[in-house]
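Order-wise, the sequence lines are chains A and B.
Numbering-wise, the first sequence is residues 1 to 165 according to this note's numbering.
Numbering-wise, the second sequence is residues 1001 to 1129 according to this note's numbering.
If you're looking for bench data, these hints aren't it; they were derived computationally from the structure.
Even glycine gets a Cβ: it sits at the ideal position worked out from N, Cα and C.
One thing to keep in mind: the hints can contain errors.
Below are the DSS-like pairs computed for lysine-lysine, each with C-alpha atoms no more than 25 Å apart in a straight line [stated by the list, open to error]:
| hint | chain 1 | residue 1 | chain 2 | residue 2 |
| --- | --- | --- | --- | --- |
| 1 | B | Lys1009 | A | Lys100 |
| 2 | A | Lys161 | A | Lys101 |
| 3 | B | Lys1082 | A | Lys161 |
| 4 | A | Lys100 | B | Lys1003 |
| 5 | B | Lys1082 | A | Lys38 |
Cβ-Cβ distance ranges computed for the label pairs, FRET-style [to be verified]:
| hint | chain 1 | residue 1 | chain 2 | residue 2 | range |
| --- | --- | --- | --- | --- | --- |
| 6 | B | Leu1010 | A | Ile60 | 28 to 36 Å |
| 7 | B | Gln1047 | A | Gly54 | 18 to 26 Å |
| 8 | A | Lys3 | B | Gln1047 | 55 to 63 Å |
| 9 | B | Ile1092 | A | Gly78 | 17 to 25 Å |
| 10 | B | Thr1033 | A | Gly54 | 43 to 51 Å |
| 11 | B | Asn1116 | A | Lys56 | 44 to 52 Å |
| 12 | A | Ile135 | B | Ile1041 | 16 to 24 Å |
Over the 12 Å line for every Cβ pair with chain B, so calculated as not near, a few chain A residues [to be verified]:
| hint | residue |
| --- | --- |
| 13 | Leu41 |
| 14 | Leu59 |
| 15 | Met64 |
| 16 | Lys165 |
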Amino acid sequence: MRKLSPTRRLTLITMLLAMSILLHMIEPSLPIAIPGVKLGLANILGLVALYLFGVKEMLILNFMRVIIASLLRGIIFGTGFWLSLAGVTLSSIVAIILYKKSPFSITGISVGSSAFHGLGQILALMFINQTVMMIYWLPLLWFSAVPTGLITGTLCVQVLKRIRK
Amino acid sequence: MLKLNRWDKLLIIFILISSIALYATMEAFVRATTSEKTVAIVTYRDQEVMRIDMSKDASYVVDGTLGEVTIEVKDREIRVEKETSPYHYCSIQGWVKYANIPIVCLPNHIVILIQNTEDAPNGEDSVIQ
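All chains should be built: construct the whole structure from the sequences, respecting the hints.
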């Protein structure tokens, strides 16, 4: 993508953040047959920020999204907030590692970060509820990360293609 | 439309195989560690509020953060029958019969965990309501 002026860059990042907050907030109401499984649509904007701007911008976008969406939903520092924070932390770390050090495509990175988002949430649940057996739900989240990661990864490719035009 | 390279495919295969292997291991573990006599421990905000004898079919009500949570025991299986929450994940989860599989009702801060009575500190017949 051609070099953007600071104002255009800031505007684009802010718009990505606004869209990711919107997706984060409406996603729980989308009907999915498996309890606790989400598509992770907001993650698309995080990956878009990673590929358009870089690591710092993706981290800002992901963490600001969790904090602002939790504030708007009135669950800041509640259990849901810590689950989102743990999930987004681990998924962002994995996305950065795969982006920097591996031959994976955007779709592969999306699948990897989806899987580790689930792991982050399970680790947070284990810590909050003080029971290691929360790991029982990990295979379900891990397995569902493949279709959800493929969907979000494919959407991310399409979004990037259109933005870069 | 869907473009995957060799590494993406390997990652997907690894995730699918590891999730199936982990599920099989967990399932074998909970089946092997569930004894004949079990109790269900109900906690609210990490505090035990009820201990349910799994051998007696009955319904119980505990207070959660968003309202009452109705728990049903039938044929040594337990479920959340009714609760007030945005998405009703814990009632959708359905029946659980093996020890150590948690039923988590996050919005209500209620966790139900079946334990073998040998682990229960108050003896196998204790039921507190």
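Distance restraint between Lys1009(B) and Lys100(A), which requires alpha-carbon spacing of 25 Å or less: OK: Lys1009(B) and Lys100(A) at ~19 Å, within 25 Å.
Lys1082(B) paired with Lys161(A) [C-alpha distance capped at 25 Å]: The given pair, whose Cα atoms are some 47 Å apart, is violated under the 25 Å limit.
Proposed proximity, Lys1003(B) with Lys100(A) (alpha carbon, max 25 Å): The hint holds at about 19 Å.
Ile135(A) paired with Ile1041(B), Cβ distance criterion 16 to 24 Å: holds (18 Å)
Satisfaction of the hinted span 17 to 25 Å by the C-beta atoms belonging to Ile1092(B) and Gly78(A): About 21 Å separates the Cβ atoms of Ile1092(B) and Gly78(A), which means 17 to 25 Å holds.
Exclusion check [Leu41(A) not at the chain B interface, CB over 12 Å]: holds (16 Å)
Non-interface claim for Lys165(A), where every Cβ of chain B lies beyond 12 Å: Per Cβ check, Lys165(A) is outside 12 Å of chain B; nearest 18 Å; holds.
Status of the given 18 to 26 Å range, CB of Gly54(A) versus CB of Gln1047(B): violated (46 Å)
Least C-beta distance between Met64(A) and chain B, which was stated to exceed 12 Å: Consistent with the label, Met64(A) stays out of reach of chain B, its closest Cβ about 23 Å off (over 12 Å).
Verdict for Thr1033(B), Gly54(A) (Cβ pair) under range 43 to 51 Å: Because 48 Å falls inside the window, the suggested range holds.
Leu59(A) and chain B, when compared Cβ to Cβ, separated by more than 12 Å: At roughly 22 Å from the nearest Cβ of chain B, Leu59(A) sits farther out than 12 Å, so the non-interface label holds.
Whether the CB-CB distance between Asn1116(B) and Lys56(A) falls inside 44 to 52 Å: The hint (44 to 52 Å, Cβ to Cβ) holds, given that Asn1116(B) and Lys56(A) are roughly 50 Å apart.
Checked against the numbered hints above, the structure breaks hints 3 and 7 and satisfies the rest.
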